[in-house]
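Taking the hints into account, I'd like the entire structure generated from these sequences.
Which chain is which? The protein sequence lines are E and D, in order. Note that my numbering numbers the first sequence so that position 30 is 30, with each residue one more than the last. Note that my numbering numbers the second sequence so that position 74 is 74, with each residue one more than the last.
I should point out that these hints are in silico values taken from the structure, not numbers from a laboratory. Do not rely on the hints blindly, as some may be mistaken.
When chains are identical, the list treats them as one kind, so a pair holds in a single copy or across two.
For lysine-lysine, the following PhoX-like pairs were computed, each having C-alpha atoms within a straight-line distance of at most 25 Å [stated by the list, open to error]: (1) Lys-107 with Lys-117; (2) Lys-76 with Lys-58; (3) Lys-75 with Lys-58; (4) Lys-117 with Lys-105; (5) Lys-96 with Lys-82.
Below, each chain spelled out in residue letters.
2 protein chains.
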Amino acid sequence: MSRAPQADTHTLGPPNGVSVIQTHTHPLSAAATQQDTHTNTGGAPAPAVRMKKPHQEKDSDEYRQRRERNNLAVKKSRQRSKQKAQDTQQRVNELKEENERLEAKIKLLSKELSVLKDLFLEHAHNLADNATQPTSNADTGSSPAHNNGSTNGQ
Amino acid sequence: MSRAPQADTHTLGPPNGVSVIQTHTHPLSAAATQQDTHTNTGGAPAPAVRMKKPHQEKDSDEYRQRRERNNLAVKKSRQRSKQKAQDTQQRVNELKEENERLEAKIKLLSKELSVLKDLFLEHAHNLADNATQPTSNADTGSSPAHNNGSTNGQ
DNA sequence: ACAAATTGCGCAATAC
DNA sequence: GGTATTGCGCAATTTG
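This is the structure:
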């Protein structure tokens, strides 16, 4: 609950919103208030030194109005920003899931491929054997093992 | 940048920080700033309304010190938060890339698989033909077309 | 010139 | 009794 800093007024504050302006004086903090500095071009007599326009007095009615509007905008902006961050996080999760799915699929395909290749090789050997020994034993030879492992590269 | 951080500090004002309270009417619009209400424990007539201890006066030395520390913490926290958001975004990009890579790989494997399967089918047909007609023509038959299309499901 | 949007900052309440 | 987070308002900038 925002309260007026300074003198209390604590406890059930008046229904009115009170805004405080803080002003401090900050002796420390050597905040280098480095500012633009157009680097005045030499001794050019250019008087163009744009001053800040006070816009209006603090207690102006228009001022208050502007502030209010801005406060609203700020709130909106922040909310949106937060939302976006959340969405991004969500996106990460989704992508991660998708990734896993793809990875699984790859695994499956790889396996399938490997099996087929093995079959192929085996068959090729059989053919070769047959060619060498047209009249071999009785049964259709079954090679003990034809190990083929890896497949792809990258 | 950053000239007078806060309310005015009107030009070289008094080295003394002054807090101004805006006793304006401040219809903070419909800002729902509800809060508190400590849930009175039971129906005890206890007037015990714990007050927040003002901690210290605003111009206290300790106060100033606490503020400074907090400001620092705040800055740190925000910076970190921002960093995190950035990292998350980065992660999204990486995951997206990874995704594309995987997708490409899948495509490749699928194609490879399809080719092998075709070859297999073709061969099977040949075998079947041979079985039916052990004494076929001279050459090693080459079937015109054995179209096999799709491959996977899911 | 201008209004909305962003951004950095300090305060205070609160969570840890 | 400390830091860490969070909502909030101010003011300077940036954007459209």
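Hints, verified against the model:
no.	hint	verdict
1	Lys-107 with Lys-117	both (15 Å within a copy, 18 Å between copies)
2	Lys-76 with Lys-58	within (24 Å within a copy, 31 Å between copies)
3	Lys-75 with Lys-58	within (21 Å within a copy, 28 Å between copies)
4	Lys-117 with Lys-105	both (18 Å within a copy, 18 Å between copies)
5	Lys-96 with Lys-82	both (21 Å within a copy, 22 Å between copies)
Of the numbered hints given earlier, the model fails none.
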